[in-house]
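A.B. asks: Given next are the chains, with one letter for each unit.
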Amino acid sequence: MSTSLRNNRVPLLAGLAAALLCAAIALTFFYAPVDEDGLNQKIFYFHVPIALTAYACFGWGAWKGLLHLWKGKPGADLESYVAIHLGVIFGAMTLITGSIWAKVSWGHWWLWSEKQLVLFLVLFLFYSAYFMLRFSVEPGPQRANLSSVYAIFGVVLIPVSFLAIRLANQYIHPIAFNRNGPQMAGSQFFTFCVCLAAMLALFAALYNFELAGKRLDARLRELRELLT
Amino acid sequence: MSRYLSDVAVLARKDLRLELRARNTVPAMLLFVVAALVVFHFALPEGSSDLAAKGLLWVAIVFTALLGLTRAFVAEREQRLIDGLLLAPCDRSAIWLAKSLSVLGFLVVAELVALPAFALFFSGIDGATVAGVALADLGICAVGTVLAAMAVAGRARELLLPLLFLPLAIPIVIGGVGASVAAEPARYLGFLALYDAVFAIISWASFEYVVTE
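Residue numbers (this note's numbering), protein chains in the order written: chain A, 1 to 228; chain B, 1 to 213.
Hint data in this document are derived by calculation from the structure and do not stem from the laboratory. Glycine included, every Cβ here is placed at the ideal spot set by N, Cα and C. Take the hints with a grain of salt, since some may be wrong.
[Claimed, not checked] Covered stretches of chain A, as calculated for chain B (at least 3 residues, CB under 8 Å):
1) 21-35
2) 155-166
[What the hints assert, rightly or not] EDC-like, lysine to aspartate or glutamate: derived pairs with alpha carbons at most 20 Å apart:
3) A:Lys-73 to B:Glu-213
4) A:Lys-71 to B:Glu-213
5) A:Lys-103 to A:Asp-217
6) A:Lys-71 to B:Asp-126
Please model the entire structure based on the sequences and the hints provided.
C.D. replies: What follows is the structure, given as structure tokens:
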């Protein structure tokens with residue numbers, strides 16, 4: 001467990017994320033062709049990778065929670081918390097970019113027939129309550145257990161909610177919009193993959209950065225207690 | 001196995017006996033659900049469809065369950081009953097199962113009043129709605145009991161439970177409303193059964209970690 005910023009992976013990951021993000025932006029605007037939806041389709045290259053990264057964050061958080069409960073791995077609870085914290089940030093960005101896309105494409109800021117967007121709203125509410133739970137319990141083994149169990153409930157909720165929202169669309173709304181309209185060309189798919197890699201690298205860099213900060217914090221507190 | 005079930009029966013009987021003596025929870029749930037239905041009558045504008053009323057029935061059920069769940073672990077925390085339960089030589093998941101069953105009992109009593117009251121105030125209720133309510137009750141109690149045990153560990157308690165519970169209850173509401181209003185309720189009932197099975201298993205497996213340190 002390294003606490004120093006110098007001898008861990010943060011600078012490397014941050015550099016990788018910056019390079020990939022620059023490449024992603026360049027590819028999106030100068031390489032990928034403008035398709036029949038026009039320029040607003042470009043948000044696809046950010047919205048979808050951000051959404052997939054948010055899923056990855058939630059999955060990673062639940063995996064760390066499972067490791068905490070199952071193996072009692074020290075520090076796994078903190079890692080789970082950091083992953084979910086970033087997941088909520090990426091989730092909020094998904095909601096914002098999705099909302100902008102819906103406004104530009106269909107003229108409404110919010111559409112209940114957009115299944116992924118509704119799913120993200122449910123997940124956003126669920127994981128926001130995670131913070132309420134975590135910060136209302138005293139730090140200690142019980143808080144770690146509760147947070148881990150809640151994180152695992154979250155990954156189970158994702159497919160269940162997705163199924164429920166798909167069912168709901170059949171009685172609330174007809175399915176009016178199909179995003180798979182235009183087939184993705186090879187160049188578009190390549191751009192998409194680079195954007196996804198960039199977002200995942202950004203997540204990895206932020207994850208390690210926040211984790212290093214939190215560990216430094218904990219170490220400082222220990223030293224202060226030793227001094228007093 | 002029979003040992004496990006007898007543990008569950010003893011623990012559930014303890015909750016029912018406490019309720020029979022103190023009468024804290026069930027009367028409150030009954031009054032709340034009837035009051036909520038009256039409020040909903042005035043909340044719906046004149047000439048609203050029966051479908052809207054059916055949707056509100058589900059709101060009433062979820063919030064009534066929430067009221068019961070908020071009370072579920074109060075004695076365990078306030079009187080430190082939970083320490084005694086954890087010392088008892090029984091599986092920790094038996095505590096979850098017993099508590100879920102007693103909450104389920106309270107909720108069913110509340111619904112035995114709520115559903116006829118709904119039929120009286122709004123519109124008739126068909127078999128699919130009753131089946132949907134029964135299946136939803138299982139899921140609500142299974143998930144709600146774990147979350148109630150989580151919520152009492154925190155400082156916020158009563159404030160925390162609705163925040164934890166409502167996002168998890170959204171699929172139940174979707175399945176339940178679908179079962180009451182759709183022409184073919186079978187797939188919604190199937191979804192509710194799936195929800196019950198999935199969340200009962202992970203609640204059963206994870207409850208031990210919620211109550212122990």
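A.B. asks: Against this structure, judge whether each hint is valid.
C.D. replies: Hints, verified against the model:
1. Interface restraint, the segment 21-35 of chain A with chain B: violated (0 residues with C-beta to C-beta distance below 8 Å; minimum three).
2. Against chain B, the segment 155-166 of chain A contributes 7 residues with a C-beta closer than 8 Å to a partner C-beta. That satisfies the three-residue criterion, and the hint holds.
3. Of the supplied pair hints, the one linking A:Lys-73 and B:Glu-213 holds, its CA atoms being roughly 15 Å apart against a limit of 20 Å.
4. Note on A:Lys-71 and B:Glu-213: the hinted pairing holds, with a Cα-Cα distance of about 15 Å set against a maximum of 20 Å.
5. Of the pairs offered as hints, the one joining A:Lys-103 and A:Asp-217 is violated, with about 42 Å between alpha carbons and a cut-off of 20 Å exceeded.
6. For the hint pairing A:Lys-71 with B:Asp-126, the CA-to-CA distance comes to about 49 Å; that exceeds 20 Å, so the pair is violated.
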